[in-house]
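Undergrad: Here are the chains, one letter per residue:
Number of protein chains: 4
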Amino acid sequence: MLKSSLTTGLSCVPRGRGQLGQESAGIVTSNGASPPTYTAHKGMGLVSSAFPPDALLKLRYGNLGICHTRYSTTGISELQNCQPFVVDTLHGKIAVAHNGELINAHALRKKVMRHGVGLSTSSDSELITQLLALTPPMEERDAPDWVARIKNLMTETPTSYSLLVMFKDVIYAVRDPYGNRPLCIGRIVPVSKLHSSGAEEEDTEGWVVSSESCSFQSIGAKYYREVLPGEIVQISKHGVKSLSVVPRPEGDLPAFCIFEYVYFARPDSIFEGQMVYTVRQRCGRQLAIEAPTDADVVSTVPESATPAALGYAQQSGLPYIEVLCKNRYVGRTFIQPNTRLRQLGVAKKFGALTDNFAGKRVVLIDDSIVRGNTISPIIKLLKDAGATEVHIRVASPPIRHPCYMGINIPTKEELIANKPEFQDIAGYIGAASVQYLTVEGLVSAVQEGISSLQQKDKSSKRVGHCTACLTGKYPVELEW
Amino acid sequence: MLKSSLTTGLSCVPRGRGQLGQESAGIVTSNGASPPTYTAHKGMGLVSSAFPPDALLKLRYGNLGICHTRYSTTGISELQNCQPFVVDTLHGKIAVAHNGELINAHALRKKVMRHGVGLSTSSDSELITQLLALTPPMEERDAPDWVARIKNLMTETPTSYSLLVMFKDVIYAVRDPYGNRPLCIGRIVPVSKLHSSGAEEEDTEGWVVSSESCSFQSIGAKYYREVLPGEIVQISKHGVKSLSVVPRPEGDLPAFCIFEYVYFARPDSIFEGQMVYTVRQRCGRQLAIEAPTDADVVSTVPESATPAALGYAQQSGLPYIEVLCKNRYVGRTFIQPNTRLRQLGVAKKFGALTDNFAGKRVVLIDDSIVRGNTISPIIKLLKDAGATEVHIRVASPPIRHPCYMGINIPTKEELIANKPEFQDIAGYIGAASVQYLTVEGLVSAVQEGISSLQQKDKSSKRVGHCTACLTGKYPVELEW
Amino acid sequence: MLKSSLTTGLSCVPRGRGQLGQESAGIVTSNGASPPTYTAHKGMGLVSSAFPPDALLKLRYGNLGICHTRYSTTGISELQNCQPFVVDTLHGKIAVAHNGELINAHALRKKVMRHGVGLSTSSDSELITQLLALTPPMEERDAPDWVARIKNLMTETPTSYSLLVMFKDVIYAVRDPYGNRPLCIGRIVPVSKLHSSGAEEEDTEGWVVSSESCSFQSIGAKYYREVLPGEIVQISKHGVKSLSVVPRPEGDLPAFCIFEYVYFARPDSIFEGQMVYTVRQRCGRQLAIEAPTDADVVSTVPESATPAALGYAQQSGLPYIEVLCKNRYVGRTFIQPNTRLRQLGVAKKFGALTDNFAGKRVVLIDDSIVRGNTISPIIKLLKDAGATEVHIRVASPPIRHPCYMGINIPTKEELIANKPEFQDIAGYIGAASVQYLTVEGLVSAVQEGISSLQQKDKSSKRVGHCTACLTGKYPVELEW
Amino acid sequence: MLKSSLTTGLSCVPRGRGQLGQESAGIVTSNGASPPTYTAHKGMGLVSSAFPPDALLKLRYGNLGICHTRYSTTGISELQNCQPFVVDTLHGKIAVAHNGELINAHALRKKVMRHGVGLSTSSDSELITQLLALTPPMEERDAPDWVARIKNLMTETPTSYSLLVMFKDVIYAVRDPYGNRPLCIGRIVPVSKLHSSGAEEEDTEGWVVSSESCSFQSIGAKYYREVLPGEIVQISKHGVKSLSVVPRPEGDLPAFCIFEYVYFARPDSIFEGQMVYTVRQRCGRQLAIEAPTDADVVSTVPESATPAALGYAQQSGLPYIEVLCKNRYVGRTFIQPNTRLRQLGVAKKFGALTDNFAGKRVVLIDDSIVRGNTISPIIKLLKDAGATEVHIRVASPPIRHPCYMGINIPTKEELIANKPEFQDIAGYIGAASVQYLTVEGLVSAVQEGISSLQQKDKSSKRVGHCTACLTGKYPVELEW
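Residue numbers (full-length UniProt numbering), protein chains in the order written: chain F, 1 to 480; chain S, 1 to 480; chain R, 1 to 480; chain B, 1 to 480.
Take the hints with a grain of salt, since some may be wrong.
Since the list can't tell identical chains apart, any single copy or any two copies may satisfy a pair.
No farther apart than 30 Å at their CA atoms in a straight line, the calculated lysine-lysine pairs in the DSSO-like style are these [to be verified]:
{"id": "1", "residue 1": "Lys222", "residue 2": "Lys237"}
{"id": "2", "residue 1": "Lys241", "residue 2": "Lys348"}
{"id": "3", "residue 1": "Lys380", "residue 2": "Lys222"}
{"id": "4", "residue 1": "Lys222", "residue 2": "Lys383"}
{"id": "5", "residue 1": "Lys348", "residue 2": "Lys237"}
{"id": "6", "residue 1": "Lys360", "residue 2": "Lys222"}
{"id": "7", "residue 1": "Lys151", "residue 2": "Lys110"}
{"id": "8", "residue 1": "Lys222", "residue 2": "Lys348"}
{"id": "9", "residue 1": "Lys473", "residue 2": "Lys111"}
{"id": "10", "residue 1": "Lys237", "residue 2": "Lys151"}
{"id": "11", "residue 1": "Lys473", "residue 2": "Lys412"}
{"id": "12", "residue 1": "Lys151", "residue 2": "Lys473"}
{"id": "13", "residue 1": "Lys360", "residue 2": "Lys348"}
{"id": "14", "residue 1": "Lys380", "residue 2": "Lys412"}
{"id": "15", "residue 1": "Lys241", "residue 2": "Lys151"}
{"id": "16", "residue 1": "Lys383", "residue 2": "Lys326"}
{"id": "17", "residue 1": "Lys326", "residue 2": "Lys380"}
{"id": "18", "residue 1": "Lys326", "residue 2": "Lys348"}
{"id": "19", "residue 1": "Lys111", "residue 2": "Lys151"}
These are computed hints drawn from the structure, not numbers from a lab.
Using the sequences provided together with the hints, build the complete structure.
TA: Next comes the structure, spelled out in structure tokens:
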């Protein structure tokens, strides 16, 4: 998208199994001149509709830029809340894109407004941008020290954010001290150099930054490395340079969101040195150890649970088969008001591959059960088509708590694990049995790959993950 | 649009003959409760497309609100620049809608940014809103004195603005000390009371504020009065109350934009106590005195020049006829790159009523000639259809200077009056002769109606108008 | 639209005051080669939306073509019913465009279906096309004699149709023997020859055929002549050639639709040698003679009644003024379910030019009153704004009967003239008085111009018009 | 879609791996009354966009109907060519929906046009409809014998068609004597009766007919049986009744399109008693026998080749893994003009699951290679990500010949198997080796399941399939 001969940009991929469409997208480019010219476009919907050809045309000037795709968490979904957020300051425009949710946003808003600043949106991105502009006071004669301002911001808010800050011809890539949200760097190497190795200081061809590494391949870039928890990385025509690592409070572990592995990320993304697919497969193996089943075949709810299902099959020795084919022409399954319509909705979305399982006992692997509305008609579909028993094995623990760090989870009341029906979940959804992966099992499946990795790379000394939605243990104290 | 049983709102009408479609529209409503809930919607294009039914639905809560339709002057046309501008302050949200252009915007932006405020748009509305929030410093314990803040703003910027400022359950309607932009108040009286008279203090049914009075009729309101130059009017559940009149510097005259009469306003609007149509008719009469023609018939370029043409016919004694009919199915005449295409474009838009003028000498009245691109093919059309001579009489003086007060005028170079061709304008556009109304003639045609009016209403003691685009004399010194 | 160096095409203009938007449009072009290639495009809505740029691109091959814009009369409004209708025959494709309604369509459909032809639409155009293909039987060895087939068709159905039939490199322009629907020929002369005179046989540059001559000017063509009642005109690379005139039954007069003058046609169109505007102005004069008024001023419901109003003013000696200005930003006035909403709808569409008529007695001219829903709120608007009396004068007689010849008139029950309220129409609509033009007055206003014309052109010996919707006298016996 | 308490309808599913979106869809319903009312809607694009809610609303009257989704083969893709085709005859309307392509369409068109019928489209559906209406001659006094007319049609054209003919309250489901196109019957049983068994004559709740059985599940219907080659089945309020089986010429085998198994059909559809998925899995097993590979892992080009890949893995004993994940947010891969853009297009559509195969030799199964444009960048993607060797195994033979029976295959020149590059196909696409399934292998994989089936069901005595696109042997002689 950004055919740069020089520097960098951010590209966020649409995320989350259940989030069948992002809400808005924005891009801001800078020509890097002095003074720079910024060009911006924002739109609602998927990138393809948010960026019509004429919008892209106007963005092609400039060799650095940041962009953002958004699925609303706090801010109401309106174009106005679209990122990146750009403001004009005494020393020119800064643009900020942000992934996450500031845990102390309320107190910070008060602080900014006390200075007489009116906030025009409810988004954290504007708040971050105004905080960067506000402190210390700006003066006309001295160029602002953006790195000091970013560090200052990081001392005011511990989590949860991955940031891109663009000013003139520099982009700063920042991850909060707990590393709650992902952020990684990729490198665009010209075709002729694709197989050569080059050090960071050498003449480079372009850099990209993204929440997920899977987006690199689609623009011809290669995964380079993660931004570390608390790290500020500068990207400019001089290449990539690590400027600083803001530490966590003594004793605190990193808290990368474990649900990125379970649910949100694309399987080909890499976090902490391991491929998400591999982690999911390991969850399936662990699930087979924790919850073995007396059955004939193992299968998947396509497509997100397939790695876990293959892992379960390998570990258990049961044959892996397909029980459902997906109808590519059905878009979103809207939430239907009653059981019969939900049944028809699922029957439209999935076709039963009857002959593969008729007369057999099926273990069906799902990656998570949030509300419990979809799995029930799938089970009925399989039983109507001849499955003698359907056992559900879930490759993650039940979600029980809200997330205050940027993940859109249903309210506590809507979560199936908090409902009375959960006591007899198998009966409620019509399964022969239901079993979940334990929190310990999940954590070990995730961290096993990192340990093996740490032998090679000593950069992150200790390992830790945020499991707040499963355990209620938040990485920092909540203050409201 | 705002079925209020209590207070008020602003409604701007799309304006300007040449401005065949506004660019964006926004509306913000408040439920007036404590703390209030604001609801907002903004959209691009005409009101009808900017406000789909579901947008209107969400706005129906609340009994006061402000809205804005916009044809960009300074700010680039993007949804982000849409008004009203709403910001959250320590004491709740304020919403501001603005018509005009701050003559010292550049210096004011610097001032705000020096405080560390980042400005997210290039619009004056955001600037005004942040200025109101900024000075004096806001404190949590004391409610802000908005009237003092508005007065403070008015001392910092002399012109050009008409404002609506909404806070909780009050709207302030403000006009700059020079009265450069129009603003007037209308009253919604319930059907049963339509013919009763009521004092300002009495129990009222609803108030509306608008740039142009013509918008009142379409929502069932009656014209009440103008906001005076420099006046701050408060509209609340207690009705309409004049709070203050901020004076002009000693010796300065009011400077209401004379082109509102000539060109922008709808003919049924009322300014300074007189109907725009009547002023235009008077301009036509004055033109007949200044520039009589030896011809057979008088006609108009439909529809905006019709009042002037009828005035010219009455004064000159020549018969008024129609020479062109408009094709309602042709939308905008896009600017065509060459003479032949311009000719076909005009031929598609206007049909020649041949039999009305074949063999005759025609005086064709136009209200203004800005670029000179349209009148030329019209003259050719008439001559091809049999007119023996076509004399052009323009019911306003030539435009020669830029406007820095909110009116979108082509650059100096594009104005026909500044081109070498203007020396032989008749030859250039193919007319038998061309004559313009004088500046003195225009001013007297405008002020004649006010003088007669002043006998009844002594409120504005002296009369003056901004003729900067015609004379280069700006009401205040320009500072950049 | 059809930049032909050689031959011709049809262009229908959207028609009718009340028909605020055509429903569909189609165009078919032929490259005239042997065998020819036809290219077609049809779309719903106005021409501008029915023909996106890529559709026009594919049509540019070929130097002759026919097109059609449609406001449904009999056929349901679906794309399938769009004209021109093209069918493939043993000898290649023919394309037919049709304006009007076959008075004996029902019997003709039966006839065609008895031959085993299935009819895929309810449109007369398909019926005409299949009739042309069917009789006499087609043979592979002999080229079909299309002129004989057209004559044969004309003996089977007397009225109402104007037709364009395209086959390979020839277009036949046909008008039914009664001349009920209009059809005229225009000539595209290259710019350099615009003022030279050329005989029909000479080297020509292009020909166009249209229902209304007003469409010629917009494509740079000049009015040439009407197709006569019953005439078949051939248009080809050899120019325009009259092939035959099929006669009416002995004693029958021509029956050109008088409502084309009153209501449907654009004022700059020419029928029977006279401009529609002039006829409407004459109707206004006649109305002033038949229905004089004791009043102060004459005005119009803009814009269609303006010629009649000017005629009334000239004849009566009363001054002509404007009382209403139109809001160009309001599209269609939808039929509103109650009086209050109708009032607001009209108040949105028209602004009252109060100062022009306050305290005066107004004669308001309308061109016709069909349902009576619009005039009533206009009268109220004027009276609220200060008119002391509003007298309605209608420049055509009341419509009382259905049209079976292609004009879309409300059902008999919906026509105000057939309702009980018509007895006190003035009271019903709130007018001081209401008077209509008489049928005799209308006919004489129409035919007066033709008589004077006949001195020059002896081609149509006798004069007659269809007044069926006013009198119930249909030009031919109705058979169902 | 058709909530019928009584009879039936047709529902075609969008088909074909490469056909990522149908072009148009139409539906016609009949209320079954005497005379019946038909309601129709047709639209372009996917069913969801072709049928907006208001269109569905108008279709809900009636308890039988036929519909059609279309991917153009012969007729140009315009709304006019949309099926079902409805024509009015002397005895009322018939509606026809058609899947396939008449092998002698050209001669039949001539025949119809010789009768004087003009054909308004290039579609076979109109041709079929007019043929049904034409012979024998229709008379007003006698109701037409539609079954005789259908039989008559079947003697005039041997293949390829599956038809639905609706007349008043009856639908005839027809398959050509060679059974080239699929057609099967499903039954809607009320929820309460879902597990009861019922004979054909009994009281039934509803019947549906479809090209593919997979569509039944999504509307709550169960697979009932196939329509046999040459069979005419009547569906009415009396249920399903087999009326006749029109035989093939002595000695000819059935010729069901073998590519329905390979490529077009959804894997959960049932043809000739066997599930398509099972046949594809068998093709994979057969391929492993015919073309074994010395490699480490087996994988699939998701998703259509997955059953074959699983079959190959089971037969070969190599482990099945996933090498690619699909990006759900990328729609269609447009054909890109050069290698670099094709590479990026594939990289956007598929993510490489690097850790699963880095350092390994991969056997990649594809279901067919038509043009060879997609497989090449996929191989490059895998090798760049670390695969040491990529062996391609194709689960069907090379396509070499055009299809004249309704399947849209690229021209002979575009088929990779007919290009010189095919001599070194592995080198051309960058694979370590390439091997295809043999024709004999494919036929035996298909027919093996039918043989086993024939033990139970003796209805189709002999087995045969159309392999024309692979072998050039067409089921009937081609006449042009």
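Undergrad: Decide, hint by hint, whether the structure agrees.
TA: Okay, the hints, checked on the actual structure:
1. Lys222 / Lys237: within (18 Å within a copy, 64 Å between copies)
2. Lys241 / Lys348: between (51 Å within a copy, 29 Å between copies)
3. Lys380 / Lys222: Classified as between: cross-chain Cα gap 15 Å, same-chain 44 Å, threshold 30 Å.
4. Lys222 / Lys383: Between copies, since 14 Å is at most 30 Å while 46 Å is not.
5. Lys348 / Lys237: Between copies only: 27 Å across, 52 Å inside.
6. Lys360 / Lys222: between (45 Å within a copy, 20 Å between copies)
7. Lys151 / Lys110: both (20 Å within a copy, 26 Å between copies)
8. Lys222 / Lys348: Between copies only: 14 Å across, 39 Å inside.
9. Lys473 / Lys111: Only inside one copy: Lys473 and Lys111 sit 28 Å apart there, 46 Å across copies, limit 30 Å.
10. Lys237 / Lys151: within (22 Å within a copy, 49 Å between copies)
11. Lys473 / Lys412: Result: close within a single copy only, 15 Å intra versus 65 Å inter.
12. Lys151 / Lys473: So Lys151 and Lys473 pass the 30 Å test inside one copy only (27 Å; across, 52 Å).
13. Lys360 / Lys348: within (23 Å within a copy, 38 Å between copies)
14. Lys380 / Lys412: Classified as within: same-chain Cα gap 27 Å, cross-chain 47 Å, threshold 30 Å.
15. Lys241 / Lys151: For Lys241 and Lys151, only the intra-copy Cα distance (16 Å) is at most 30 Å; the inter-copy one is 51 Å.
16. Lys383 / Lys326: Classified as both; 18 Å inside a copy, 29 Å across copies.
17. Lys326 / Lys380: For Lys326 and Lys380, both the intra-copy (16 Å) and inter-copy (28 Å) Cα distances are at most 30 Å.
18. Lys326 / Lys348: both (9 Å within a copy, 21 Å between copies)
19. Lys111 / Lys151: Cα proximity of Lys111 and Lys151: in one copy and across copies (17 Å, 26 Å).
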